[in-house]
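Q: In case you want the letters, here they are:
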Amino acid sequence: MAQPHETQQKETETDRQLRRFYQRIVDQAVPSRFQTLFSKLREQEKELEHEG
Amino acid sequence: MKTALRARDPREDIVDHLPQMRAFARSLTRNAAAADDLVQDTVVQAWKGFHTFRPGTNLRAWLFAILRNTFYAELRKSKRTQVAAAAPLNEDIVGHPGGDTYLAMIDFERALGLLSTEQREAIVLVGASGLSYDEAATTCGVSIGTIKSRVNRGRTRLAKLMGHKAPKTDYDH
Numbered sequence: 001m002a003q004p005h006e007t008q009q010k011e012t013e014t015d016r017q018l019r020r021f022y023q024r025i026v027d028q029a030v031p032s033r034f035q036t037l038f039s040k041l042r043e044q045e046k047e048l049e050h051e052g
Numbered sequence: 001m002k003t004a005l006r007a008r009d010p011r012e013d014i015v016d017h018l019p020q021m022r023a024f025a026r027s028l029t030r031n032a033a034a035a036d037d038l039v040q041d042t043v044v045q046a047w048k049g050f051h052t053f054r055p056g057t058n059l060r061a062w063l064f065a066i067l068r069n070t071f072y073a074e075l076r077k078s079k080r081t082q083v084a085a086a087a088p089l090n091e092d093i094v095g096h097p098g099g100d101t102y103l104a105m106i107d108f109e110r111a112l113g114l115l116s117t118e119q120r121e122a123i124v125l126v127g128a129s130g131l132s133y134d135e136a137a138t139t140c141g142v143s144i145g146t147i148k149s150r151v152n153r154g155r156t157r158l159a160k161l162m163g164h165k166a167p168k169t170d171y172d173h
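Note that the protein sequences, when read in sequence, are chains A and B.
Position 42, counted from 1, in the first sequence is what the numbering used here calls 42; the numbers after and before it change by one each time, with no gaps.
Position 41, counted from 1, in the second sequence is what the numbering used here calls 41; the numbers after and before it change by one each time, with no gaps.
Among these hints, one or two may not hold up.
Residues on chain A that point at chain B, a partial pick, calculated with CB under 8 Å [unchecked claim]:
#1 Lys-10
#2 Arg-19
#3 Ile-25
#4 Pro-31
#5 Phe-38
#6 Ser-39
#7 Leu-48
Counterexamples of contact, computed for chain B against chain A with all Cβ distances above 12 Å [stated by the list, open to error]:
#8 Gly-56
#9 Tyr-72
#10 Ser-78
#11 Gly-141
#12 Arg-155
So the derived list for chain B, only partly shown, Cβ under 7 Å to chain A, looks like this [to be verified]:
#13 Gln-20
#14 Ala-159
#15 Met-162
Derived from the structure by calculation, the hints contain no laboratory data.
Glycine included, every Cβ here is placed at the ideal spot set by N, Cα and C.
Looking at chain B on its own, in the form it has when it is part of the complex (with noise of 0.2 Å):
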C-alpha cells in the first residue's frame, strides 16, 4: 500500500516517447543501430538531467533537443559525416522486397538522406513530428524565421528529388 501512495516518478513518461525519438534519431543518424545508441544516450543525459525540465512544458521537445545536441556533439567528436553519408539507408524497412510500398520507402529514405542535416532534421520535426514551429525552433535552438525556411527549402528539394509537384504553398503558421 505504501509504494501504490508514492509519487509517480515523473521520469517514467520518458518511457513514451522513446518511438518518436529513435525516430528523430534515425533521420539524423540515417542508421538504426546509431540511432539506438543515441537515443540511450539520451536517455542517460534525460534521466539524470531531469531537474532542468520545466513541468508543463512540451517533454518531447526537451529530449529532442538532448537527442540532438548529443549527434552534434558526437558527429564533431568523431568527424563521421562520412560515415553517416555511407550508412546503408534501407536495413529496417519493413516490408517485402521488391513490393511497391517498401520501395517507395526505400526511395524516400534516399532522398531524405540528400537533405542537408539541418533540412532534414527541420522538416521531421515540423512535418512529421508534430512539433509547432516554435517548439522545433527551441529544439534547434535557432529562430522561427530559420526554421521555416530549412522546411521550405528542404520540402521544395524533397518533393524534387521524388519527382513530386514542387509545393506551391510553404508551410504557413
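One chain only, chain A, in its complex shape (with noise of 0.2 Å):
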C-alpha cells in the first residue's frame, strides 16, 4: 500500500478511505485477459521478426 510522504501531513481519515479503497482494487486479481494480452504481442513481434 502507498504510504503517505514524508512531508505530508495529518493524514485523515478521508486519506485513509482513499487509500483503503485504491488498495481493495489493487488487490483484486488481474484478469488472465492481459496474460494473453501480452502472449499476442509477443508472438506478433515474433511474427514480425520472421517476415522482416
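Dock chain one against chain two, each of which comes alone in its own frame, and use the hints as you go.
A: Structure representation (C-alpha cells):
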C-alpha cells in the first residue's frame, strides 16, 4: 500500500479511506485477459521478426 | 541454456504495474469493464512504444501518463462523460452487501465520483498510488502548483462529502 510522503502531514480519515479503497482494487486478481494480451503481443513481434 | 543467457525484456516489467494501472483506470472511468479496456489499450501502446521510456525514470508514472492520455483521448472522441457519470459505482467492491465495510466503500466511491476528474486523478495519484507531486504533475502534464491545488481542493471536498473533519493542513511537499 502506498504510504504518505514524508512531508505529508495530518493524515485524515478521508486519506485513510482513499488508500483503503484504492488498495482493494489493487488487491483484486488481474484478469487473465492480460496474460493473453502479452502472449499475443510477443507472438506478433516474433511474426514480424520472421517476416523482416 | 541459450534462453537463460538472453537479456530479459524490460517490457516484462509492465506486468508488475497492472494492478496499480487497473486501480488508476478505475478511478478515472468509475467502471470495472471500462477500466480493463483502458488498461488493455495502455498496455498495447506501452509495449509498442517502449523505446520512448527513459530507463531510470519511474515506469509507473510513465504508464499512468499513457493511460491518462488514452482515457482523455477516448473521452474526447466518444464524448462519453455522461456514460461515465451514470455508470454503476459498486460493481466490484468486495465484501458482504450490508456490511459496514462494504457500505463505507460504496459511500466513499460515490463521493469520489462527485469530484471533478482532475481532482479525482490528482488525489488518487498523490494520495493513493504513491507518486510524488512532481511525478503526478508530469503524468498529468501540469505544474506542481496545479497538482497541489487539485489535491487540496479534492481532499477538502471529499472530506465534506464524507462528513469527515476537513483537513486543516494541506499535503505539503
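Q: Hint by hint, say whether it matches the structure.
A: Each hint tested on the structure:
no.: 1; hint: Lys-10; in the structure: holds, 5 Å
no.: 2; hint: Arg-19; in the structure: holds, 5 Å
no.: 3; hint: Ile-25; in the structure: holds, 4 Å
no.: 4; hint: Pro-31; in the structure: holds, 6 Å
no.: 5; hint: Phe-38; in the structure: holds, 7 Å
no.: 6; hint: Ser-39; in the structure: violated, 12 Å
no.: 7; hint: Leu-48; in the structure: violated, 11 Å
no.: 8; hint: Gly-56; in the structure: holds, 21 Å
no.: 9; hint: Tyr-72; in the structure: holds, 20 Å
no.: 10; hint: Ser-78; in the structure: holds, 21 Å
no.: 11; hint: Gly-141; in the structure: holds, 21 Å
no.: 12; hint: Arg-155; in the structure: violated, 6 Å
no.: 13; hint: Gln-20; in the structure: holds, 6 Å
no.: 14; hint: Ala-159; in the structure: holds, 4 Å
no.: 15; hint: Met-162; in the structure: holds, 6 Å
Hints 6, 7, 12 from the earlier list are contradicted by this structure; the remaining hints agree with it.
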